[in-house]
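Novice: Modelling step: build the complete structure from the supplied sequences, incorporating the hints.
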Amino acid sequence: MNPSQDSIYLDHAATTAVDPRVLETMLPYLSSVCGNPSSIHGTGQAARRAMENARASVAEILGAHPDEVVFTSCGTESDNLALRGALYAAPSGRNQIITSQIEHHAILNTGEQLQQMGYEVTYLPVDRYGMVDPDDVAAAITERTALISIMYANNEVGTVQPLPEIGRIARDHGIPLHTDAVQAPGGLDLNVDRLQVDMLSISGHKFYAPKGVGALYIRRGTPIAASQTGGAQERHMRAGTENVPGIIALAKALELVESARPSESIRQRTLSQRLQEGLLAAIPHAFLAGHPTQRLPNNTNIVFEGIVGEAVVSRLDLAGIASSSGSACAAGEEGESPVMRAMGLDEQLGQGSVRLTVGRENTSGDIEQVIGVLPGIIQSLRELSPVPLGESSI
Amino acid sequence: MYDDPLVDHFVNPRNVGTLQHPDGYAQEGSIECGDMMEMFIMVDGDTITDVKYRTFGCASAIASSSMASELIKGHSLAEAEAITKDTIADALGGLSPAKMHCSVMAVDALRGALADYRNKQARPAGER
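Line by line, the protein sequences give chains F and Y. With the first sequence counted from 1, adding 44 to any position gets you this note's numbering. With the second sequence counted from 1, adding 10 to any position gets you this note's numbering.
Because the hints were derived from the structure by calculation, they are not lab data. Among the hints, erroneous ones may be present.
To be clear about the criterion: a stretch of chain F counts as covered by chain Y if any three or more of its residues have a C-beta under 8 Å from a C-beta of chain Y, and this derived list gives those stretches [to be verified]:
hint, stretch
1, 93 to 102
2, 144 to 157
3, 346 to 353
4, 357 to 367
Even glycine gets a Cβ: it sits at the ideal position worked out from N, Cα and C.
Specialist: Spelled out as structure tokens, the structure:
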């Protein structure tokens with residue numbers, strides 16, 4: 045199904061369009077400045093200089109040293125490097141990772157594979173808002189712990205974790221803390237000292253850079269081994285010819301969202317709040333999933349009793365509105381997402397979620413349009429549903 | 011109106027509802043899997059005179075239910091028996107492999123309702 049001409053994009057948590065200023069900055073690196081940074085001639089060194097400038101820029105925004113920034117292909121690769129790299133380099137006997145039940149699949153599925161390989165992975169529970177309790181982190185630490193990995197902000201429900209508190213606990217025990225911060229740029233502070241983290245993953249296509257580039261911050265002194273081996277690139281931390289155009293784009297995009305963040309995060313939060321209020325006022329048997337206040341400025345996730353979220357996404361798509369859902373109606377996939385299950389939502393409710401995430405181009409007109417059409421969509425889907433309303437504990 | 015039958019049956023599903031005293035009834039699927047459907051039929055002689063259903067599911071599940079109801083309403087029991095998951099999928103213009111289970115659910119519900127009707131017929135009149 046294709047959206048109509050006047051379409052409204054509200055799935056920024058999935059991906060974003062490349063900012064025209066980012067595209068412009070990046071283009072020369074797809075044409076004239078095309079050298080391999082590892083080449084010793086002028087063409088290569090021009091590319092290297094540009095790449096190192098980009099690295100310095102990213103480092104400055106994170107409050108880090110340039111040599112602490114490793115460029116990757118995406119957030120998933122950064123997460124894989126953090127987990128596998130920490131385990132491979134850990135002192136003998138340290139084979140446990142502590143993480144949470146609401147992580148992105150990049151962490152959850154990597155954890156599962158690591159378990160099959162014989163490593164120990166502890167998945168901490170969360171409360172009904174998707175929040176990790178720092179006391180649970182402390183209680184889970186053993187003499188075998190090599191790494192703690194807790195995502196900064198959840199991609200489905202937007203809940204923001206208390207990283208500084210968790211970081212202090214990790215510090216007290218001498219254990220590195222990694223965070224999947226893929227949803228954070230543009231909405232939240234990224235300073236690694238304020239966050240008390242030792243590693244941090246970001247992904248370009250979530251903040252108006254192209255798909256195919258990401259980064260992992262690794263604090264000096266963190267025990268880590270490369271997981272992608274080959275050439276000497278990225279100080280032997282991530283072999284492979286660098287995606288120079290992507291790296292230039294990522295750095296520019298990060299600069300842009302970070303400088304806009306003070307005003308833009310407020311603007312986006314205002315839009316999100318209006319969307320949430322408008323929808324909850326118009327639609328009964330529905331509630332906001334995730335934490336009410338400690339949440340990403342751009343995230344709205346509403347659970348609608350009695351219907352499957354995916355059907356709502358399809359109807360919205362037909363109305364020219366792009367959204368997403370945690371529900372999975374496909375052979376081989378069980379309905380409720382791990383995040384919904386971890387927050388204690390029953391199977392029926394867990395499948396009724398619809399996620400709407402705003403971005404830099406959304407306006408209040410977009411929000412009013414969604415408020416205008418969504419109640420009718422929910423009403424018509426409920427009319428054909430056998431699920432009685434008001435029986436699930438909301 | 012939508013050209014695409016799948017979209018049409020999703021946005022304007024036919025025969026939605028329930029029947030108080032159905033001649034045949036079945037429920038298929040499960041909420042856990044995100045696909046659940048109940049179907050009600052009325053039968054007069056050899057003909058399915060009325061069909062109603064309700065569905066908890068995605069676009070393909072809703073469209074499959076609607077198409078199944080349309081394919082059997084006003085038709086004979088034998089014609090209804092002959093309907094397969096492919097009949098429904100083809101009538102919708104095709105379903106992807108990942109969504110074929112939606113037409114399977116609709117066929118199972120329709121066959122279940124027919125079987126329920128036959129079971130009721132097999133009981134002595136006072137017990138129906």
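Novice: Now tell me, hint by hint, if it's right for this structure.
Specialist: Hint by hint, here is what the structure shows:
Remark: the stretch 93 to 102 of chain F is not confirmed as covered by chain Y, as 0 of its residues place a Cβ nearer than 8 Å to a Cβ of that chain, below the required three. Counting residues of the stretch 144 to 157 of chain F whose C-beta lies closer than 8 Å to any C-beta of chain Y gives 0; at least three are required, and the coverage claim is violated. Only residues whose C-beta sits within less than 8 Å of a C-beta in chain Y count toward coverage, and the stretch 346 to 353 of chain F has 3 of them, enough to reach three; the restraint holds. Evaluation of the coverage hint for the stretch 357 to 367 of chain F: fulfilled, as 3 residues show C-beta separations to chain Y shorter than 8 Å, against a requirement of three.
In summary, the numbered hints that this structure violates are 1 and 2.
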